[in-house]
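Number of protein chains: 2
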Amino acid sequence: MKVLVVGANGQVGKHLVKFIQETDGMEAKAMIRKEEQASYFKKLGAETVLVDLEDDTNTIAEAYHGVDAVVFTAGSGPNTGPDKTVLIDLDAAVKTIEAAKLKGVDRYVMISSFDTTREAIQGAPSSFAPYVVAKHYADDWLRRTDLDYTIIHPGMLTNDEGSGQVEAAETVERGEIPREDVAHVILATLENEATIGKEFQVVGGSKMVKEAIKSL
Amino acid sequence: MKVLVVGANGQVGKHLVKFIQETDGMEAKAMIRKEEQASYFKKLGAETVLVDLEDDTNTIAEAYHGVDAVVFTAGSGPNTGPDKTVLIDLDAAVKTIEAAKLKGVDRYVMISSFDTTREAIQGAPSSFAPYVVAKHYADDWLRRTDLDYTIIHPGMLTNDEGSGQVEAAETVERGEIPREDVAHVILATLENEATIGKEFQVVGGSKMVKEAIKSL
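Protein chains in written order, with the numbering used here: chain A, 527 to 742; chain B, 527 to 742.
Chain A on its own, in the form it takes in the complex:
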């Protein structure tokens, strides 16, 4: 299985490409924005492809050649300006979904925000609300496709070392999760077809990642 990692140069993306490369039968294609980001991935033996997510759907779709699955882990993040929130977290996400439909790449794993419900929008502090809105509509767009999607809603991301242990369910108590463990969760999701059509929240916990994903 060749996995296109959109946002490979992010911290979750870097862990994920490494884990995919270490997994038998899987290989990563790292979608990056700048040539100088390529060396990390080349050292891992991963293919890279240069794409500006502000390009149009057809241009983005060229990166899907030979790909079996897409993981969207790009993100302006809540700390960039809300202009990029609209253009990346919402519109670029939708373009990568449309590109998947265009190229017949059915498997699509979206890394969303912990809670993207309408209630979460209303409850969000005003600085964070535009980000939640963007993720809300991107998730909604994906749900309305026929793609084999999974939507992962991780808790607050940390740079702590991964423990390999999480709690995952449709809803869990809000909590933290190391970015390394999010990458483990994505890998386990790709390896488990029972996750297709599902979405789940995930935070640090006491179950091994594969078990937690299996029990969804």
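Take every hint as true, because none was put in to throw you off.
Quick look at which bits of chain B chain A covers, simulated, 3 or more residues with Cβ under 8 Å:
#1 610-617
#2 647-661
Pairs of lysine to any residue, SDA-like flavour, derived with a Cα cap of 20 Å:
#3 A:K610 - B:S653
#4 A:K610 - B:G607
#5 A:K629 - B:R644
#6 A:K528 - A:E573
#7 A:K627 - B:D666
#8 B:K610 - A:S653
#9 B:K627 - A:T643
#10 B:K627 - B:D581
#11 A:K627 - B:R644
#12 A:K610 - B:T643
#13 A:K627 - A:T583
Keep in mind the hints are simulated off the structure, nothing from the lab. Using N, Cα and C, we set each Cβ at its ideal position, and we do this for glycine too.
With chain A's structure known, arrange chain B on it following the hints.
Coordinates of chain B only, in the frame set by chain A:
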């Protein structure tokens, strides 16, 4: 016909409420954000209702009591921050659409931007692109409802006095249009059921507004 004007205190909204009040068989309910905005509408004999568009759908829906049609002419505009673009032009628009469904108010007229296609997003200058994205997804949301909608795509708005003459079609050459004429176009749209399920671009031109709307 009682028409709820969302964004009544905007320049198009103020013209529109006036024209509605001057029309036999029609009355306006002006949705405004602050009590001090009410006096203009009270002088016209129009009802007012105080709503913060960042509230939730149920709260917004309370303003729909006794209403036969909704016009969305609220807008952060391209000149406010992109955070408000996300929260008002996209999310508040969607909430007013959902409120219409909730309250069984079928007639919904959306004042969009001149071109909200995917191509327009790609072609927009970066400062304007978030606004186009927001309007794109709001329009898309409305099209996917069962509401009796019309989407109006006006050209560049000016404060010139209205001429009462426009050009309207599915696509027209980019051009200017006075806000007063946009209000005339909205009124003619509300008065003409043949506009249901349609969307059109409109700029200054040489046809009387009612004729231009009839010829769509």
